[in-house]
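S.K.: Spelled out from the first residue to the last, the chains are:
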Amino acid sequence: MDYQLLYIYMPLLKSEEEKQIFADLYNEVKNTCLNIALKITNNHAMAEDILHDVFIKIIKNKDTIFSVNQEQRKAYAYKSTVNRARDLISSHDEKLKDQLDEDVETADDFDLCYIVEKEEAYQKLITCIKALPLIYRVPFDMRYAQDMKNYEIAKELGITENTVSKRIIKAKLKLRDMMDKGA
Amino acid sequence: MDKQLRADITETILRRAATTAYEQEMAEFINSAEKAEPIITSKAHDARMRALFKREERKESLNKLYVIAKRAAIVVLISATMLFGALLTDGHIQATVRDTIVQWHERFTRFEFRGNGYEVGKSEWFPDFMPEGFMIDRIYEFYTGRLIFLEHDDGNYVIFGYEPAADIVIGVDNEFTEMEIISHFGVDYFVITPLPESEHRSQVIWQMEGYAFTLLSHLDSETLFQMALSVSS
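Taken in sequence, the protein lines are chains A and B. All letters in the first sequence, in the order written, are residues 1 to 183 by the working numbering. All letters in the second sequence, in the order written, are residues 184 to 416 by the working numbering.
Treat the hints with care, as some may be off.
Each computed BS3-like pair below joins lysine-lysine, with the alpha-carbon atoms no more than 25 Å apart [stated by the list, open to error]:
1) A:LYS60 x A:LYS149
2) B:LYS186 x A:LYS149
3) A:LYS166 x A:LYS155
4) A:LYS57 x A:LYS149
5) A:LYS130 x A:LYS174
6) A:LYS74 x B:LYS218
7) A:LYS174 x A:LYS124
8) A:LYS130 x A:LYS181
9) A:LYS57 x A:LYS155
10) A:LYS174 x A:LYS79
11) A:LYS174 x B:LYS186
12) A:LYS74 x A:LYS62
13) A:LYS124 x B:LYS186
14) A:LYS79 x B:LYS218
15) A:LYS74 x A:LYS39
16) A:LYS174 x A:LYS149
17) A:LYS181 x A:LYS124
18) A:LYS155 x A:LYS74
19) A:LYS130 x A:LYS149
20) A:LYS60 x A:LYS74
21) A:LYS174 x A:LYS118
22) B:LYS218 x A:LYS130
23) B:LYS186 x A:LYS166
24) A:LYS130 x A:LYS166
25) B:LYS218 x A:LYS39
26) A:LYS118 x B:LYS186
27) A:LYS181 x A:LYS118
Calculated from the structure, these hints are not laboratory results. Please read these numbers as outputs of a predicted model, since none were measured by experiment.
With these hints in hand, go ahead and build the complete structure from the sequences.
M.R.: Right, dumping it as structure tokens:
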């Protein structure tokens, strides 16, 4: 068992039961989280920062997280690691951020009805989603894959709800272009 | 097809495709991460996190300290008013340094300030000079004064406070400290330096333009004095 970091977190937890749950979770996911973060960022120091952030987040949300089972907790840790790592990487892209701050048109005319029953087009959509720039992809995933509300995404990413809306619209516009042109 | 229906279908497809893409990627990430070699975290990272968590813990303890300090201050003020006559005959040494009455008791020194006729409103004061790396961590507002916590990443902190001089009495433990009075442009600064090996903090206390000020820190008293000199509204 790696106690190196574990003891650092412990003072934030109150009861012995919480400490035990946290210790078990830490031991199970620490290395996987670090490896995931390293794979996304390709930067050891950044991966360590992400691990730190994930565990702080777990402790802050411990009432919710500790009430579910261990597999769900692990999934939460992995999901938080991917979100944080992608957010961190995308936040470095200042050029894209500037573009995002611009006003955007609506994506109301984005119509995917033609995909229904066309497996090939559906697979192409999945490929296009995977190819979205991270700055679009992170809020898009949170909304559509993780079923989060805009205010929750805003809180998670430290941006305004308005910015969340803009980024999701931009993601859709980008997807429309990619689907038209081919990913 | 109805426009709203088309939009709903599009949203449903997007949701399904996004979920599939996300789950596929998560599975790939987890599979490859679980097979990867264990990563040893760096000592620098451990130290940085230790400092961070110490700070988190200290924030809580500072909150508690502040509450206790305020309670203690009220008790001291009430006691001082009731026992003032007795204190004068209680073997202490008293000196008046311009606007401040300083009483040296066996274990503590008491600073009582005279408002000196100043009508003070709500002024904001802050040191222009701060040692490198210090940032404002929190500010407690009173009716006419403030208590400001400045914090450094390395865990050091400085507490800067001020209130109208007529409202405040400050007591300083003098068992393990030395005090020096430095006059600068008509202001007397009481510079308190902890004795070597002592756990006490440096402190500077002064009165200026109707306000009583204090700076408190584990930094050396010379640095605190430089900060005190730079305080302006």
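S.K.: Indicate, hint by hint, whether the structure satisfies it.
M.R.: Here is how each hint holds up against the structure:
no., hint, verdict
1, A:LYS60 x A:LYS149, "holds (19 Å)"
2, B:LYS186 x A:LYS149, "holds (24 Å)"
3, A:LYS166 x A:LYS155, "holds (15 Å)"
4, A:LYS57 x A:LYS149, "holds (18 Å)"
5, A:LYS130 x A:LYS174, "holds (12 Å)"
6, A:LYS74 x B:LYS218, "holds (16 Å)"
7, A:LYS174 x A:LYS124, "holds (14 Å)"
8, A:LYS130 x A:LYS181, "holds (16 Å)"
9, A:LYS57 x A:LYS155, "holds (12 Å)"
10, A:LYS174 x A:LYS79, "holds (24 Å)"
11, A:LYS174 x B:LYS186, "holds (21 Å)"
12, A:LYS74 x A:LYS62, "holds (13 Å)"
13, A:LYS124 x B:LYS186, "holds (24 Å)"
14, A:LYS79 x B:LYS218, "holds (18 Å)"
15, A:LYS74 x A:LYS39, "holds (18 Å)"
16, A:LYS174 x A:LYS149, "holds (21 Å)"
17, A:LYS181 x A:LYS124, "holds (11 Å)"
18, A:LYS155 x A:LYS74, "holds (22 Å)"
19, A:LYS130 x A:LYS149, "holds (21 Å)"
20, A:LYS60 x A:LYS74, "holds (16 Å)"
21, A:LYS174 x A:LYS118, "holds (21 Å)"
22, B:LYS218 x A:LYS130, "holds (23 Å)"
23, B:LYS186 x A:LYS166, "holds (22 Å)"
24, A:LYS130 x A:LYS166, "holds (19 Å)"
25, B:LYS218 x A:LYS39, "holds (13 Å)"
26, A:LYS118 x B:LYS186, "holds (21 Å)"
27, A:LYS181 x A:LYS118, "holds (17 Å)"
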